[in-house]
Amino acid sequence: MTSRYFETLGIPMVRGRPLGAREPERVVVVNQALADMFWPGEDPLGRLLEGQGGT
5 MTSRYFETLG
15 IPMVRGRPLG
25 AREPERVVVV
35 NQALADMFWP
45 GEDPLGRLLE
55 GQGGT
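Position in the sequence shown (first residue = 1) + 4 = this note's numbering.
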């Protein structure tokens, strides 16, 4: 994935920064629905999202 992935698809980035292929940590792109579900009324930037199971 390049830093222009979402721009190429016509998906606007509301907050945060573009992601590149060589991220130093595991990162995730969060849409508004997911942000509202996990952090209602809060800023999702910099938050930890834990999953269950495999990779």
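Simulated from the structure, these hints should not be mistaken for laboratory data. Heads up, the beta-carbon is just placed ideally off N, CA and C, and yes, glycines get one too. Be a bit skeptical, because a hint or two may be false.
Unchecked claim - Label pairs and their in silico Cβ distance ranges:
no., residue 1, residue 2, range
1, Asp47, Glu11, 21 to 27 Å
2, Thr6, Arg30, 24 to 30 Å
3, Asn35, Ser7, 16 to 22 Å
State the violated hints by number, sorted upward, taking the hints as numbered earlier in the document. Structure breaks hint 2 only.
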